[in-house]
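From first to last, the protein sequence lines stand for chains A and B.
Using the numbering used here, the letters of the first sequence map in sequence onto residues 90 to 256.
Using the numbering used here, the letters of the second sequence map in sequence onto residues 280 to 556.
Source of the hints: derived by calculation from the structure; they are not laboratory data.
Even for Gly, the Cβ is constructed at its ideal location relative to N, Cα and C.
Don't take every hint at face value.
Claimed, not checked - If you want the footprint, here are the derived chain B segments under chain A, 3+ residues with CB under 8 Å: (1) 282-293; (2) 306-317; (3) 321-332; (4) 368-379; (5) 466-476.
As the list claims (entries may be wrong) - Only part of the chain A face toward chain B is listed, based on derived beta-carbon distances under 7 Å: (6) N91; (7) H92; (8) I94; (9) R97; (10) R119; (11) G138; (12) E140; (13) T148; (14) A155; (15) L160; (16) V164; (17) S209; (18) M232; (19) C240.
Unchecked claim - Ranges between beta-carbon positions, derived for each pair: (20) A:A244 x B:S508: 43 to 53 Å; (21) A:Y101 x B:S555: 50 to 60 Å; (22) A:L217 x B:D522: 36 to 46 Å; (23) A:G242 x B:D522: 38 to 48 Å; (24) A:D255 x B:R455: 31 to 41 Å; (25) A:C240 x B:Q430: 48 to 58 Å.
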Amino acid sequence: MNHDILGRQQLYPVTIEVNGRSRRGHSTTRMLLSDYLRHELGLTGTHVGCEHGVCGACTVQLDGVACRSCLTLAVQADGRRVDTVESLAGEGGVLSELQAAFKRHHALQCGFCTAGILMSSTDWLQRLRQQGRKPSEQDVRDMLSGHLCRCTGYAPIVKALMEVADA
Amino acid sequence: MKPAAFDYVRADSAEAACELLARHGEQARILAGGQSLMAVLNMRLAQPEMLIDISRSVSLARIEIRDGYLQVGASATQAELEWREGLARELPLLQLAFPHISHFQIRNRGTVCGSIAHADPSAELPLCLLALKGSVVLRRGTRQRLLPADQFFTGMLSTARAPDELLEAVRFPLARPGQGFGFREFSRRHGDFAVCAVAAIADAQGLRVAVGGVADRPMVREWPLLEGSALDDALNEFAWALDARDDPQISAASRRHLVRRLGRQAVAEALQARNSK
Ligand SMILES: Cc1cc2nc3c(=O)[nH]c(=O)nc-3n(C[C@H](O)[C@H](O)[C@H](O)COP(=O)(O)OP(=O)(O)OC[C@H]3O[C@@H](n4cnc5c(N)ncnc54)[C@H](O)[C@@H]3O)c2cc1C
Ligand code: FES
Ligand code: FES
Numbered sequence: 090m091n092h093d094i095l096g097r098q099q100l101y102p103v104t105i106e107v108n109g110r111s112r113r114g115h116s117t118t119r120m121l122l123s124d125y126l127r128h129e130l131g132l133t134g135t136h137v138g139c140e141h142g143v144c145g146a147c148t149v150q151l152d153g154v155a156c157r158s159c160l161t162l163a164v165q166a167d168g169r170r171v172d173t174v175e176s177l178a179g180e181g182g183v184l185s186e187l188q189a190a191f192k193r194h195h196a197l198q199c200g201f202c203t204a205g206i207l208m209s210s211t212d213w214l215q216r217l218r219q220q221g222r223k224p225s226e227q228d229v230r231d232m233l234s235g236h237l238c239r240c241t242g243y244a245p246i247v248k249a250l251m252e253v254a255d256a
Numbered sequence: 280m281k282p283a284a285f286d287y288v289r290a291d292s293a294e295a296a297c298e299l300l301a302r303h304g305e306q307a308r309i310l311a312g313g314q315s316l317m318a319v320l321n322m323r324l325a326q327p328e329m330l331i332d333i334s335r336s337v338s339l340a341r342i343e344i345r346d347g348y349l350q351v352g353a354s355a356t357q358a359e360l361e362w363r364e365g366l367a368r369e370l371p372l373l374q375l376a377f378p379h380i381s382h383f384q385i386r387n388r389g390t391v392c393g394s395i396a397h398a399d400p401s402a403e404l405p406l407c408l409l410a411l412k413g414s415v416v417l418r419r420g421t422r423q424r425l426l427p428a429d430q431f432f433t434g435m436l437s438t439a440r441a442p443d444e445l446l447e448a449v450r451f452p453l454a455r456p457g458q459g460f461g462f463r464e465f466s467r468r469h470g471d472f473a474v475c476a477v478a479a480i481a482d483a484q485g486l487r488v489a490v491g492g493v494a495d496r497p498m499v500r501e502w503p504l505l506e507g508s509a510l511d512d513a514l515n516e517f518a519w520a521l522d523a524r525d526d527p528q529i530s531a532a533s534r535r536h537l538v539r540r541l542g543r544q545a546v547a548e549a550l551q552a553r554n555s556k
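Sequences are here, hints too, so could you generate the full structure?
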């Protein structure tokens with residue numbers, strides 16, 4: 090069996106469909122997807138906090154599924170689809186339903202945690218919608234346990250999410 | 280922090296992963312969901328020479344019903360199992376436990392087998408596997424061996440898996456008629472690792488109760504259908520036998536208290552589920 094072993098010293102081309110556009114950059118084996126998005130592609134909407142999966146700031150969608158970009162290698166995303174917070178607003182910066190609800194409810198202050206929360210919540214709400222399920226407030230809080238926000242106290246975030254879930 | 284440098288290779292089948300393990304052995308680590316391993320690498324608590332990434336293997340991602348058990352392949356994620364239609368009927372215990380396992384975003388990537396291979400004493404999936412009398416399929420080259428859960432977990436983050444073996448799949452015995460299940464957990468915040476977790480199974484013959492988060496691995500006891508103070512005594516004996524230690528989170532005495540308390544609740548839940556069928 091022939092294995093394509095990527096050596097640690099070299100740079101490898103990494104092509105990802107980012108927010109609907111094919112983007113190509115270069116990465117070593119050890120580069121995190123979060124760093125690739127921010128430094129290689131200049132997409133700084135994805136934030137980096139703890140780099141061990143706890144804070145949720147770096148959450149993006151990989152093939153449509155919310156996950157931590159700090160626990161994923163850039164080379165693992167080669168040939169796949171990644172959506173970041175920059176994908177949410179429509180033409181001319183029109184806010185998505187969820188973003189608009191966040192604005193209405195003052196669900197952010199410094200905004201550090203917001204990108205991650207939006208990317209998790211869009212995946213989660215969509216999946217529940219597909220199953221015809223409406224989340225309870227407790228469900229929303231459980232989902233939010235994967236994100237740390239040090240500003241808002243969560244109440245406005247929960248309100249914004251409940252409003253969109255009930256719509 | 281950032282991980283130290285390593286070589287990286289993708290393995291799209293059990294054969295490929297085993298060949299790489301045979302060649303690189305202890306220098307190499309399997310990368311499944313990365314939800315424990317990547318954090319460990321980022322903090323440089325481990326610096327393997329090579330990562331063998333099985334996360335995109337389609338053949339290893341199968342979840343299928345076999346002869347009385349559900350087999351979950353090495354690259355199937357926790358979310359794939361959790362969102363499986365029919366899980367509530369097939370494996371009610373897992374359905375009760377999943378909401379306690381980390382967070383939605385982590386379960387999206389973390390694998391079932393990865394959690395069992397990692398063998399954190401507080402992790403819910405090893406606890407459920409032991410409670411259900413499940414087993415693991417280990418593979419070296421073309422040779423497979425089947426090991427029951429109680430022989431697989433050998434201590435804190437340690438298992439009977441040899442460095443050149445792949446944990447190819449795990450097997451959860453399906454719920455049988457007449458069984459009832461209960462699950463209780465105490466943790467500091469929702470989604471944190473358990474300070475103490477209890478899984479209980481009740482059937483016509485008796486009780487099977489497993490505890491995680493207290494000893495260095497999940498532990499299990501079997502009793503006839505005890506009630507009242509006889510059940511309290513049995514849980515108390517179990518709590519002491521787990522040899523709880525004080526740690527910065529909680530005292531040993533509180534841990535024993537949790538075993539008794541959550542044990543009572545999980546058993547009650549299991550008995551009720553059995554009777555309401
Ligand atoms: C913020 C956070 C909170 C968490 N909370 C919890 C929690 O409450 N409860 C809980 O149980 N877990 C929790 N976890 C851990 C999570 O469930 C992990 O996903 C899981 O333990 C490991 O699965 P993985 O697929 O990510 O494995 P990886 O991280 O890829 O691997 C873990 C280890 O197992 C080895 N390994 C993996 N698969 C195999 C295989 N098939 N054969 C041989 N070796 C293998 C790897 O080499 C590595 O040493 C948490 C994680 C995070 C980041
Ligand atoms: S930076 Fe990824 S979870 Fe905190
Ligand atoms: S808005 Fe500041 S951390 Fe959440």
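### Task
Against the earlier hints, flag every one the structure doesn't satisfy and list their numbers going up.
4, 6, 11, 19
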